[in-house]
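Peer 1: Residues per chain, in single letters:
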Amino acid sequence: MKVQSKKLEGVVNAFATLPGIGKKSALRIAIHLLADNTDKKSIFKEAVEALEGVRNCSCCYNLSDEEICAICKDPRRNASVVCVVEHIQDIMAIEETGQFNGLYHVLGGVISPIEGIGPDDLHIESLLSRVKRGNVREIIMAVSPTIDGETTIYYLSQKLGELDVSVSQIARGVAFGGELQYTDEITLGRSILARIPYAINGKS
Amino acid sequence: MFISSIVLTNFKSYQSASFSFSPSLNIIHGLNGMGKTNLLDAIYCVAMTKSYFGTSDRQMIHDGQAFFRLESKLLKGDEELSLIVKYQQGGKKTIQKNGNAYDKLSEHIGVVPVVMIAPNDLVLIDGLNADRRKFVDSTISQINHSYLNHLVLYHRLLKQRNALLKRFQEEGNFDPILLKTYDLKMEMPAQYLYKVRQQFFMEFTEKVQQQYATLSQRRESVDIRYVSSLEKGDFLQLMQDALQHDRYAGRTNVGPHKDKIECKLEGRMAKTFGSQGQKKSLVFAIKLAQYEVIRKSMSVKPLLLLDDLFDKLDHRRVDQLLSIILKGNFGQVFVTDTQLDRLEPLLMDLTGDYVEIKIDDLHVE
Ligand SMILES: [Zn+2]
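Chains as they are written, first to last, in the working numbering: chain H, 2 to 205; chain W, 1149 to 1513.
Just so you know, nobody snuck in bad clues.
Restricting the straight-line Cα-Cα distance to at most 30 Å, the calculated cross-link-like pairs of lysine-lysine (DSS-like) are:
hint : chain 1 : residue 1 : chain 2 : residue 2
1    : H       : 160       : W       : 1314
2    : H       : 25        : W       : 1240
3    : H       : 25        : W       : 1241
4    : W       : 1221      : W       : 1506
5    : W       : 1427      : W       : 1475
6    : H       : 7         : H       : 25
7    : W       : 1307      : H       : 160
8    : W       : 1241      : W       : 1307
9    : H       : 160       : W       : 1328
10   : H       : 25        : W       : 1234
11   : H       : 24        : W       : 1240
12   : W       : 1234      : H       : 24
13   : W       : 1241      : H       : 24
14   : W       : 1198      : W       : 1449
15   : W       : 1252      : W       : 1234
16   : W       : 1355      : W       : 1427
17   : W       : 1282      : W       : 1328
18   : W       : 1198      : W       : 1234
19   : W       : 1460      : W       : 1282
20   : W       : 1221      : W       : 1282
21   : W       : 1328      : H       : 133
22   : H       : 41        : H       : 25
23   : W       : 1412      : W       : 1355
Note that these hints are calculated values from the structure, not bench results.
Work out the full structure, taking the sequences as your base and the hints as a guide.
Peer 2: Next up, the structure:
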């Protein structure tokens, strides 16, 4: 497929970098927008520009329009329980279950030296200082039970072991093969309620 | 258990071919060089999800094509199995058992037990410890699924630990808690691999000795010894002791990935002191012992694939090996040979049925 306009080609290439969008879909979207004579183009332009205003909550790294996100700000939520997740999407998945009333902390991934991701590349230090500030009584690990996820939980637990906080892990045995966001909400909800204390080498 | 048919599409030298097999002996002959070996490799791939010869998935695709597909039918007891191996270039290889694809290919290991004997097996004697560990791992993995899971876990953690040590080296920093995390996580699979390998060799060495005694008219003693760093102590202690060395080298120096397997003849290393004939006998004994171990623990006769077994052997040895194969208590056997004429006189004595499969240019593009 050869596009005869350099400008159009640029737009197609830009759309094609989006997840789930191939070259063909990108071209279809671009041609659709080009032919459109309503104000769709400017709505899009403004919407994309508005993304600039979306930032990470300075406390939990959830997405937010303000310095502190709606969850962290909500006085009805239990600030003594913090659920640690890998990605922002995991918060959305857990919120869907309606089974969790605490706060969150987004790590931004898991430790993987092969991919050059160490503890400093994740929001680990900020989690530790959140705990050090007091208030937090329980940390729930809701990190996917992959080999690297387990290693990250283990590392965090050792770091948190020096502090006055209990660590638990969402219940296992519920089959979720990988990412939290793809788990159905009933299963995920149950696994949060049935969380178990995390043990380092048998010692709780 | 036996494989009754296989259809190859764009697999190695085959563009499209289908074969039916005898439940007992199958003789694959014909002049075409690679066709025979590739057919055995296709059967191996259906059983073990990959090439016996280390050919990558991509390289297994017939030149100029975009995918390969192997479709086979097996009978295991009363159970009919339909197995389809598919690989599309750039995609993920999948295996379907009776229409259902496995989540992980490793789940398929052990469903179709198999033993292959090929000319390059001399690496078991002449090669590195890594070659011998690979053989041991693939044998135990077929009979013990938990072993394979521990092996995968251990190697993933080891790779991460090595990458971490490299990173410390390059960046000139050190995080003892993170390194310790890997040690603690590796402890369980490391101890498990050590224990199971140890148990394996208790039985295996004896079986090799029995087989070698039957095979070799000479009376030399043979010994296979498993040597592990874990004999010297607890895994965590060993990791602690090796810490400075590891940091200096930028990789992990102790653990099951460094285990050794020593093959000795008359108390001397077979690699250095064995003659070509002794080595060949030893390889054959090792493979027959592998067959025995798998058969015994799974109560199923594995498929036996013999590639070019008789190559460069004199008549007396061919007779001897062939009578072992024909009179032995084997299930389905596949033999490739370029010279049918030397097998035919021996096959005349055979009471059971067998199938001759001629690979010619009709099968190969
Ligand atoms: Zn927040």
